[in-house]
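So the protein lines, in turn, are chains R and F. Okay, so the first sequence: first residue is 1 according to our numbering, each after it adds one. Okay, so the second sequence: first residue is 101 according to our numbering, each after it adds one.
If you're looking for bench data, these hints aren't it; they were derived computationally from the structure. It is possible that some hints are incorrect.
[To be verified] One-sided and incomplete, this derived list gives chain F residues near chain R with beta-carbon spacing under 8 Å: (1) Asn103; (2) Thr166; (3) Asn260; (4) Glu297; (5) Leu362.
Idealized CB from N, CA, C, for every residue including glycine.
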Amino acid sequence: MSESTFMGVERDRIDWSPRIDFSKCNDCMDCVEFCPHQVFEVNENEKPKLKVKNPNNCVVFCRACGKTCGLDAITFPDKPETTKMIKAIRKAEKEAASDE
Amino acid sequence: MSNTVCVLPCNGLDKCAGDISRRVALKLTESEGVELICPVLLNQNKTRYDKVLEDGSLSVIDGCNTRCASKLAGSLEIAIKEKVNVSEVAKAQNIKLGVDIRDDEETDALVQVLLEKMSISEEKQADSQFIETETVEYESFSHGKFIFKVPKNNYFFNENDCWVSISGDIARVGVTDYVQQNLSDILYVDPPEIGQEIEQFDELGSIESSKTVFEIISPVSGTVVAVNDKLQDAPELVNESPYEKGWLVELRLSNFEEDKELLLDFEAYFEFLKRKVAETNV
Numbered sequence: 001m002s003e004s005t006f007m008g009v010e011r012d013r014i015d016w017s018p019r020i021d022f023s024k025c026n027d028c029m030d031c032v033e034f035c036p037h038q039v040f041e042v043n044e045n046e047k048p049k050l051k052v053k054n055p056n057n058c059v060v061f062c063r064a065c066g067k068t069c070g071l072d073a074i075t076f077p078d079k080p081e082t083t084k085m086i087k088a089i090r091k092a093e094k095e096a097a098s099d100e
Numbered sequence: 101m102s103n104t105v106c107v108l109p110c111n112g113l114d115k116c117a118g119d120i121s122r123r124v125a126l127k128l129t130e131s132e133g134v135e136l137i138c139p140v141l142l143n144q145n146k147t148r149y150d151k152v153l154e155d156g157s158l159s160v161i162d163g164c165n166t167r168c169a170s171k172l173a174g175s176l177e178i179a180i181k182e183k184v185n186v187s188e189v190a191k192a193q194n195i196k197l198g199v200d201i202r203d204d205e206e207t208d209a210l211v212q213v214l215l216e217k218m219s220i221s222e223e224k225q226a227d228s229q230f231i232e233t234e235t236v237e238y239e240s241f242s243h244g245k246f247i248f249k250v251p252k253n254n255y256f257f258n259e260n261d262c263w264v265s266i267s268g269d270i271a272r273v274g275v276t277d278y279v280q281q282n283l284s285d286i287l288y289v290d291p292p293e294i295g296q297e298i299e300q301f302d303e304l305g306s307i308e309s310s311k312t313v314f315e316i317i318s319p320v321s322g323t324v325v326a327v328n329d330k331l332q333d334a335p336e337l338v339n340e341s342p343y344e345k346g347w348l349v350e351l352r353l354s355n356f357e358e359d360k361e362l363l364l365d366f367e368a369y370f371e372f373l374k375r376k377v378a379e380t381n382v
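The whole structure should be built from the sequences, with the hints applied where relevant.
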């Protein structure tokens, strides 16, 4: 099992992190300032400056950084779909364990 | 204590949402017992407003999600009783505001909706239907100078540090001791709407401290039947009693047996939290 899990599922198997619409982003970096989990990274010399550096640091189901974005440039995956996927992985793992 | 309502609006003078905040604030101050707070003066000289703020409650009107007015109140550690966000309400009404100041039918209608929102929120409260158990037993562990408490019976948790306690088909939801210590003094509780239908892991409002905003991730699915209205006047109850008096929302459960599969019981959460606290420096 990998070090980081969410609900018993390896974190890197759960696709949950902010998606940035760079046509809306104005480089204000409020999201970077807000997030305590080092999900974002700022590269002053690159374009765009903002990058989702550590998507797996993002707390599954948390969308709080999106609320700090006055321009609505941040979106997240669909919650019910993500829940469904976590349930399916858990079920498959349980079945695999009982087969052993 | 007088019932003065202090209104602190956004100061975005040059933008549409800011201008609407200003219009709503001015309209509100036409009523008796409403005091307008100028954000610039408050920021410069808080003592000018100390007396009215001490005697009254604070209502904040944010223009957009930059939330300057809320942040100003937070930085001065003034508890917020009520607030609205012009851009969020506009979005819910399918109104596209844009940047330029507008004075037309659509913005007039939005001002009206905002005014209604700010005056009816207290009447909507439904009574709590949850039957409290007599005593809640806790187990705790310490990490550095912090002590974290977790209730032992009849509480379940998600990995987003929200708890749920069950009485029949009614569930009470709140945040754990870990969250309240992380946030420190909670200044505002933004409740969901009564009647709202919630899926497991949907957002159930948020709580706010001067440090940050914390989204409540619902551990269960169901319909919102009550919110803890005591928190509007005393958000500090979430700090003082996160598992009991500081409960946030009550829901009528729709499928707890299934929800439970994705929740942690006391033992599992206690271990989960110990690991989490050891890994992160609180």
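Okay, the hints, checked on the actual structure:
{"no.": "1", "hint": "Asn103", "verdict": "31 Å, violated"}
{"no.": "2", "hint": "Thr166", "verdict": "4 Å, holds"}
{"no.": "3", "hint": "Asn260", "verdict": "6 Å, holds"}
{"no.": "4", "hint": "Glu297", "verdict": "13 Å, violated"}
{"no.": "5", "hint": "Leu362", "verdict": "6 Å, holds"}
Going down the numbered hints, you'll see the structure goes against 1 and 4, while the others check out.
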